Amino acid sequence: MKQLTLEQKLFLNGFRPDRESHLRIIDQAKCRECKLRQCTYICPVNTYRWENDQITVFFEGCLECGACRIACQECKNLEWSYPRGGFGVNYRTG
Amino acid sequence: MTEHGERFDVIVVGAGPAGLSAAYLLAKAGLKVVVIERGDFPGSKNVMGGILYRQPTEEIIPDFWRKAPLERHIVETQTWVLTEKAAFKAAHRHESFAQEPYNSFSVLRARFDKWMGQQVREAGALIVSETVVENAIMDGDQVVGVNTGRPDGDLYAEVVIAADGVNSLLAQKVGLRKKEIPTHEAALAVKEVIALPREVIQDRFQVTGDQGVTIEMYADATWGMVGTGFIYTNKDSISIGCGSLISQLVERGVTPNDLLEHMKSHPAVAPLLEGGETREYLAHLIPEGGLHGIPKLSTHGMLVIGDAAMLVNSMHREGSNLAMLSGKFAAEAVLRAKEWKDFSAEALGYYDQLIRDSFFYKDLYKYRNMGRFFESHPTFFGFYPDLLNEACREMLTVDGVSKRSKQRRIFWDALRRRMPWRMALDFYGMWRSIA
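Heads up: the sequence lines are chains Y and L, in that order.
Under my numbering, the first residue of the first sequence carries the number 1, and numbering increases by one thereafter.
Under my numbering, the first residue of the second sequence carries the number 1001, and numbering increases by one thereafter.
Hints may contain errors.
[Stated by the list, open to error] No farther apart than 25 Å at their CA atoms in a straight line, the calculated lysine to aspartate or glutamate pairs in the DMTMM-like style are these:
id, chain 1, residue 1, chain 2, residue 2
1, L, 1085, L, 1261
2, L, 1173, Y, 74
3, L, 1178, L, 1352
4, Y, 2, L, 1261
5, L, 1173, Y, 20
6, L, 1173, L, 1130
7, L, 1089, L, 1274
8, L, 1362, L, 1332
9, L, 1179, Y, 20
10, Y, 35, L, 1274
11, L, 1366, L, 1318
12, Y, 30, L, 1277
13, Y, 2, L, 1203
14, Y, 35, L, 1216
15, L, 1179, Y, 27
16, L, 1178, Y, 74
17, Y, 2, L, 1258
18, Y, 30, L, 1251
19, Y, 76, L, 1394
20, Y, 2, L, 1274
21, Y, 76, L, 1134
22, L, 1067, L, 1040
23, Y, 2, L, 1199
24, L, 1296, Y, 53
25, L, 1173, Y, 51
26, L, 1173, Y, 27
27, L, 1085, L, 1203
28, L, 1178, Y, 79
29, L, 1114, Y, 18
30, Y, 76, L, 1251
31, L, 1179, Y, 79
32, Y, 2, L, 1251
33, Y, 2, L, 1216
34, Y, 35, L, 1332
35, Y, 2, L, 1134
36, Y, 30, Y, 51
37, Y, 35, L, 1375
38, Y, 2, L, 1236
39, L, 1032, L, 1154
Since the hints were derived computationally from the structure, they do not count as laboratory data.
These figures come from a predicted structure and were not determined experimentally.
Here chain Y stands alone, though its shape is the one from the complex:
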C-alpha cells in the first residue's frame, strides 16, 4: 500500500486543538544541555522539534499518550497535562 507521511496520517485523525498548549517545556536551557533530546524522536507524532537552539512544541497533533512524560522524567523539564475537556484528539476507531 501507499506509504503516508506522518503529516498525511495526522490529517486523517480528528482533532480539536486548544488555543494554548497543554504541554510546556519548563526550562529551555536544560534542553540545550540535554544529550539525548529523546522527546524529539520518541513522540509518535513529532510534537517536539529542535529548532533555532530550542524545543518547539507542536501540541496540535498530540495523541495524549504520555510517552514524552515518561521519557523526560530524569530532567523533569516537561509540564505535562491533558488538554482541556473537549479538546485534543478525537478517535473514531480507537
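Since the structure of chain Y is already known, use the hints to place chain L on it.
Just chain L, lined up with the frame of chain Y:
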C-alpha cells in the same frame, strides 16, 4: 454540569473499560454514580489493540456479545517470528472458537466504549464528558471528591475510583503512585486502522463471515527491541501496530512511526495490507511493569483500577479484561463499604484483597520476572529468530547439498555465533521466567 455541591455515592474518573465496568455495576446496584470523561464521548480517547475476551466481559454485562458493536470473533491465533527478509509462522485454529458464545473478539474501542457508556447511562449513572479531573479534594487523609476544570466543578462522593488510564495523574496526586513509571516499564505502541473490503479480509486471512484472525509478531517486527507487533482483523478494516519499551526506543533513537512503517513494509506483512487505506493513526502507552509495577491500590475514599493500577498481562496481551475485572472488584468493595458505612482505607482494602486473590494476579506473579529477563536477553529478539529462519531456509533450499551436511552447517554456524553453554542458559532462563 451538575448543580454546585451535588453529592454522589461514587465518582468514577475515566470512561474506559475499567471505569465503565465499575460504574455499570454500581449503578445497577442502585448507587448514585457519576463518570467523568475528558473526551467527547466514552471511547473517544481510548486506544487498544484490540482484543476483547468474552468471559470477563460477561462478568460485567452478560450476553453483551449479542448486542455490542464487535468486529470479528477470533478463530485463529498466529505467532510470527520475523527477520528482515523472513518469517517463521505458527498458527492455531480451533472449531470451538467459531461457535457461540465465542472466546474473544476484535473491537474498535471508540465504538465499543460508546456502546458501553450507553449501557452505563441506562443503568442509571450520569456520564459527564468533555471534563478533565484536575485534582482530588481531600478532607485530611480522606478523598472526598474531585475538582474538574469547570466553573463550580467540584464534585463530592463517598468514594472516588481512579480509572484515568496509564498516566493516572490522579493516583500520583493522591500519592498512591509514588514514583514515575520507569522507562523500561512502559511500552509505547502505535497503530493504524487500515480499511479493506470485507471479502478481501476474508480471502487474505482465510476466514468466513465474521470470523477473525490475530497475528502477533516478534523480533524484526520491532527492529529487535523488546516488544511486539500485531495485526487484528476487523469487519472491514485491520488494526496493525507495534510497540516497544520506551527505554529501548530511547536507547536506539527510534521514532515509533518509522518502526510501524518498517513493520508494514516487511515482505510477509505488506501483501496483507495491499490496497488498504489508512483511516486513523493512534498511540497508546502500555504499563509493562507487571507485578512489580502495581502501585498502592487503595486509600481512604479512593481506589485505583485498570491501567491506572498498571494491571496488564503483557505476555498474553490481556489488559482490558484485567481492567474490567478490577472495575468489578472495586464495585464489590464499594458496595461492602457502603453497607458498613465505612469508607476508610481499611474497609476499602477489601479491593486489594480481591485483586490479590484473582486469577490474573496469579498470572502476573507467574510472569513477574519475564520483563526483566527479555530486556536483559536481546538474543531472543535478534540472534535466535535469525537462527530459526536461517535453519528453515537452509533445510528448504535444494542446492545439491545433502540434508545431513545442511544440518551440520546449521549446527556449527549456531555454535560459532554463540557458546553452547550460553544458549543453554538462555533457554533455561526463559523457561524459568515464563514457566
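How the hints compare with the structure:
1. L:1085 - L:1261: 15 Å, holds
2. L:1173 - Y:74: It holds: about 19 Å lies between the C-alpha atoms, which stays within 25 Å.
3. L:1178 - L:1352: 17 Å, holds
4. Y:2 - L:1261: OK: residue 2 of chain Y and residue 1261 of chain L at ~11 Å, within 25 Å.
5. L:1173 - Y:20: Holds: residue 1173 of chain L and residue 20 of chain Y sit about 23 Å apart, inside 25 Å.
6. L:1173 - L:1130: Holds - the C-alpha atoms of residue 1130 of chain L and residue 1173 of chain L are around 21 Å apart, at most 25 Å.
7. L:1089 - L:1274: 20 Å, holds
8. L:1362 - L:1332: 20 Å, holds
9. L:1179 - Y:20: 28 Å, violated
10. Y:35 - L:1274: 40 Å, violated
11. L:1366 - L:1318: 14 Å, holds
12. Y:30 - L:1277: Between residue 30 of chain Y and residue 1277 of chain L the Cα gap is close to 41 Å, so the pair fails against 25 Å, i.e. violated.
13. Y:2 - L:1203: 21 Å, holds
14. Y:35 - L:1216: 35 Å, violated
15. L:1179 - Y:27: The hint holds at about 22 Å.
16. L:1178 - Y:74: 15 Å, holds
17. Y:2 - L:1258: 15 Å, holds
18. Y:30 - L:1251: The given pair, whose Cα atoms are some 20 Å apart, holds under the 25 Å limit.
19. Y:76 - L:1394: Violated, at roughly 51 Å.
20. Y:2 - L:1274: Distance ~8 Å between residue 2 of chain Y and residue 1274 of chain L Cα, so the pair holds.
21. Y:76 - L:1134: 20 Å, holds
22. L:1067 - L:1040: Satisfied, since the Cα-Cα distance of roughly 23 Å is no more than 25 Å.
23. Y:2 - L:1199: With a Cα-Cα distance of about 21 Å, the restraint between residue 2 of chain Y and residue 1199 of chain L holds, given a limit of 25 Å.
24. L:1296 - Y:53: It is violated: about 41 Å lies between the C-alpha atoms, which goes past 25 Å.
25. L:1173 - Y:51: 33 Å, violated
26. L:1173 - Y:27: Holds - the C-alpha atoms of residue 27 of chain Y and residue 1173 of chain L are around 23 Å apart, at most 25 Å.
27. L:1085 - L:1203: 24 Å, holds
28. L:1178 - Y:79: Roughly 18 Å separates the two Cα atoms, so the pair holds.
29. L:1114 - Y:18: Judged against 25 Å, a Cα distance of about 24 Å means the pair holds.
30. Y:76 - L:1251: The given pair, whose Cα atoms are some 18 Å apart, holds under the 25 Å limit.
31. L:1179 - Y:79: 16 Å, holds
32. Y:2 - L:1251: 30 Å, violated
33. Y:2 - L:1216: Holds, because 23 Å separates the two Cα atoms, which is no more than 25 Å.
34. Y:35 - L:1332: 49 Å, violated
35. Y:2 - L:1134: 42 Å, violated
36. Y:30 - Y:51: 15 Å, holds
37. Y:35 - L:1375: Holds, because 23 Å separates the two Cα atoms, which is no more than 25 Å.
38. Y:2 - L:1236: 18 Å, holds
39. L:1032 - L:1154: 16 Å, holds
Taken one by one, the earlier hints fail for this structure at numbers 9, 10, 12, 14, 19, 24, 25, 32, 34, 35, listed in ascending order.
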